[in-house]
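Enquirer: Letter by letter, the chains look like this.
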Amino acid sequence: MTSKSDHELVPVHELLSDKEAKALLQKLNLNIDNLPKIFESDAQAVKLGAKAGQVVKINRREGKRDTSYYRVVVEG
Amino acid sequence: MQTEVIDSIKFSILSPDEAKKLSVVKLTVPDTYNEDGYPIEGGLLDQRMGVIDPGLLCKTCGARAKSCPGHFGRIELVRPVMHSEFSKIVYTILQSTCRNCHRLLLSDEHIQEYRSALTKLENAVEDVEPEAIEERVEAGSLPMLKRLKNMKKCERCGTSKGKLKFSAPTYFYVDDYKLKPDEIRDLLSKISQEELEILGIDAGTSRPEWLVLSILLVPPVNVRPSITLESGERSEDDLTHKLVDIMRINLRLEQNLNAGAPQIIIDDLWELLQYHVTTYFNNETASIPPARHRSGRALKTLAQRLKGKEGRFRYNLSGKRVNYSARTVISVDPNINLDEVGVPLEIASKLTVPFYVTTWNIDKARELLARSEYPMAINVISKDGKRKRVIDLNREELIKELQPGDIMERQLMDGDVTLFNRQPSLHRVSIMSHKAKVLKGRTFRMNYCVTPPYNADFDGDEMNLHVPQNLEAQAEASYLMSPQYQVFSPRDGDAIITNNEDGITGMYLLTKDDTYLTKEQAVYILSIAKVYELPKPTKDGLYRGKDIFSAMLPKGLDFTGKSSKAPFVIKDGKLVDGVVTKETFGRGDNKLLVKIGKDYGAEVLKDFIFVSAKVADAYVTLMGVTVGVKEYTTSSKLEAERVRLLEETFGKINELIAQYRTRKLEPLIGYTLRQSLERMIIAELNLVRDKAGETLLKYETSEENAAVEMTRSGSRGSVLNIEQMTMFLGQQATLSGGRIKRGYYTNRVLPHIVPGDVRPGARGFVSTSYYSGLAPTDLFMHAVGSRSSEVYKALLTARSGYLYRRLSNALQDYCVDHDYSVRDANNNLIETIYGGDAVNPVFVQFQKLAADEDK
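So the protein sequences, as listed, match chains A and D. Here the first sequence is numbered in my numbering, starting from 1 and rising by one per residue. Here the second sequence is numbered in my numbering, starting from 1 and rising by one per residue.
Check the hints yourself; a few may be wrong.
[Unchecked claim] Result set (EDC-like, lysine to aspartate or glutamate): computed pairs, CA atoms no more than 20 angstroms apart in a straight line:
no. : chain 1 : residue 1 : chain 2 : residue 2
1   : D       : Lys664    : D       : Asp757
2   : A       : Lys27     : D       : Asp757
3   : A       : Lys37     : D       : Asp824
For the record, the hints were derived by calculation from the structure and aren't laboratory data. Quick caveat: nothing in here was measured; it's all calculated off a predicted structure.
Using the sequences plus the hints, can you model the full thing?
Expert: What follows is the structure, given as structure tokens:
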């Protein structure tokens with residue numbers, strides 16, 4: 001059965017490794033709490049098996065440009 | 001400066017003992033001044049509570065009015081009263097405890113249960129977020145309170161709780177017996193600290209019986225200053241009035257108690273005392289009448305001072321009045337540049353600008369200091385921070401003492417950077433920097449091309465002017481906030497500072513194909529543009545309007561655009577083809593202003609707008625553009641056309657109605673037959689409106705008609721406006737957007753209409769014009785429509801204003817960072833890249849690609 005999260009309008013989520021996450025925060029000059037949040041129970045987080053404290057990268061296509069958004073996984 | 005970090009703040013209730021310690025005087029006399037106008041000792045303006053007259057000394061601290069912080073006094077109430085703002089808490093406590101044994105109405109097991117839950121929460125505070133704790137407390141305490149409320153009798157001593165009733169704001173009844181405040185106080189005082197903790201009350205610092213007042217703190221006099229009127233009469237603050245009331249009743253109650261008056265009289269006075277104390281705290285307490293001044297105005301007591309838009313928080317703390325600012329009426333002056341503001345001499349001589357004295361400008365500073373009229377120095381601030389006002393007596397001395405490093409405050413002069421603002425400040429261009437230009441007169445003068453960003457007009461609008469007080473602020477203002485850098489809107493990149501009104505009409509008339517000027521006219525117009533070179537004349541010695549326009553354009557400009565569907569071509573700084581309209585300047589995707597701004601810079605752009613508006617004004621004045629009744633007089637041909645159009649439409653509509661009656665009408669998808677009919681009729685009426693506009697333009701071809709010419713140039717008025725004046729008014733709509741269908745009973749608008757008539761005339765379609773005059777029924781329909789739109793406008797502004805306030809407060813510190821990410825003040829990431837593409841709309845330019853041309 002196809003899942004809703006496979007729909008073409010759902011942007012591709014990927015889980016960053018701890019090393020990647022650390023590099024990202026360094027690059028953006030952020031504390032981990034400064035990132036937007038995503039619930040552990042979010043369908044995408046569940047699919048990736050993301051745990052609180054990890055960072056999820058969301059690849060969107062806005063207009064004619066690819067952009068990345070980052071979210072920190074939180075309990076809930 | 002030494003700073004400390006505040007670790008925590010704790011609020012608690014004042015105990016009578018504390019109140020006694022806090023106060024410096026017990027007030028006994030319910031009056032203010034004696035016959036000599038001297039504050040009565042023990043009265044409400046006792047000098048031990050501080051003084052307000054400068055010169056007098058405070059009897060407590062010995063300081064003068066300015067440095068005395070004020071001291072509290074107290075009123076000792078002979079009978080206690082409830083504190084109205086806390087009666088809800090008192091109700092909860094009374095409901096939860098037994099009146100006989102003063103224990104919680106819970107079994108020991110339950111108490112144990114709640115207590116352990118509480119301790120667990122307390123221990124968890126460290127690592128749980130505050131919101132979570134709040135949630136858990138609510139989850140735990142709400143059912144507990146509910147259980148307590150439903151308890152009928154005490155489980156320990158078996159006493160029935162009786163019927164406890166709370167009547168706002170301060171009355172409590174048990175089985176219809178009214179509890180007196182002292183009885184309530186006794187009940188509250190017997191509850192143990194441990195049990196109060198379960199109810200969430202920290203009894204160590206806040207005993208519940210302190211919610212029943214026996215000592216009332218009286219705020220110092222500088223909190224409620226009395227004012228002396230011109231007539232020498234004294235007028236007291238509302239709070240003082242209220243306190244006089246309280247003391248007067250308190251005294252009468254005491255006298256009656258001592259005289260052993262009957263219980264009824266005592267109770268009445270007691271209740272009156274309660275009323276005065278309640279209104280002293282909050283004069284808008286629900287279900288009691290507000291205390292009034294002699295004049296009938298409701299008194300402004302403690303709560304009213306703090307609450308709402310005009311309260312202490314929103315009026316004095318979130319928004320303060322500032323120094324170095326001025327406000328007056330604005331008026332037009334097309335001779336003032338876009339980035340200038342005309343400042344009245346009166347204001348310029350009051351406002352000051354700091355002049356930082358250095359080795360290099362000290363001569364100039366001395367020169368200013370020596371002057372005794374307009375551009376002169378006001379204050380000198382020496383290096384050690386002492387501020388001295390320049391007066392004739394010390395001028396010589398100050399000139400001698402002046403040295404590099406001093407700061408001199410001089411009057412505002414031409415070219416000084418100022419900030420100009422009009423409220424409501426809805427977007428960033430509501431505050432822009434303008435260079436001061438000191439002028440005669442008493443109004444601020446501004447160029448009318450900068451009115452759109454401020455949304456200003458000159459029907460009495462007032463604006464504010466601020467003077468930045470240091471070099472960094474001045475530089476920042478002049479580089480970032482100057483109108484020439486704000487020409488293009490950050491919303492969509494369209495020009496918001498452009499020619500408008502006459503500035504368009506004039507350009508339009510000047511650049512028309514058949515515009516020719518005599519040599520005299522050409523020289524006059526060009527002199528206004530400060531161009532001193534005549535273009536080539538035609539064979540008969542005349543000058544083309546297009547050539548005059550070209551003379552104002554920057555050298556070598558190449559531009560191709562469109563104006564009202566005709567091409568608009570500039571080649572090598574010469575207008576070759578086309579007429580200037582509103583579109584040419586800065587709307588949509590072909591903008592002359594964008595091109596000039598991009599290729600020649602903001603300065604050139606600013607001067608182009610300024611000069612072209614000035615020239616346009618001059619040309620309009622020269623030609624004389626007037627709108628009168630003749631502009632709206634219908635020709636017989638047009639009138640015949642109007643009748644034909646309406647007859648045709650009404651015929652079609654009648655046909656639709658006939659089809660509807662016979663059920664032959666094909667319904668629209670998703671609509672009932674009746675809805676379909678309504679929609680079809682409306683569609684027909686819209687169609688006739690558009691057709692009428694087209695016909696109007698077809699018949700009104702004369703270029704003599706100023707109203708039509710203004711519409712064509714885009715400067716003012718629309719085809720619809722003219723159509724409503726010369727042909728017919730058209731459909732009048734209601735708030736809901738549909739046609740008017742109610743008003744008189746039985747489903748019709750007016751009595752002479754047959755119920756259920758859906759023809760245009762019966763539902764608010766007006767087929768007469770302003771020029772021909774409206775029939776009485778049409779006038780009624782028009783009035784319905786006018787009222788509707790007026791009401792709608794009022795509702796819309798109120799709603800959108802509040803919506804905007806919430807939105808701007810929520811977004812106020814969002815900022816695009818150097819890496820194009822959007823962050824807030826706490827460095828929270830809002831967006832990785834601004835708008836997903838880091839594009840600033842101000843710099844977006846639309847350009848046709850060769851590929852587009854082929855299509």
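Enquirer: For every hint, state whether the structure bears it out.
Expert: Evaluation of the provided hints:
no.: 1; hint: Lys664/D x Asp757/D; in the structure: 19 angstroms, holds
no.: 2; hint: Lys27/A x Asp757/D; in the structure: 72 angstroms, violated
no.: 3; hint: Lys37/A x Asp824/D; in the structure: 15 angstroms, holds
The structure does not agree with numbered hint 2 stated previously, though it agrees with all others.
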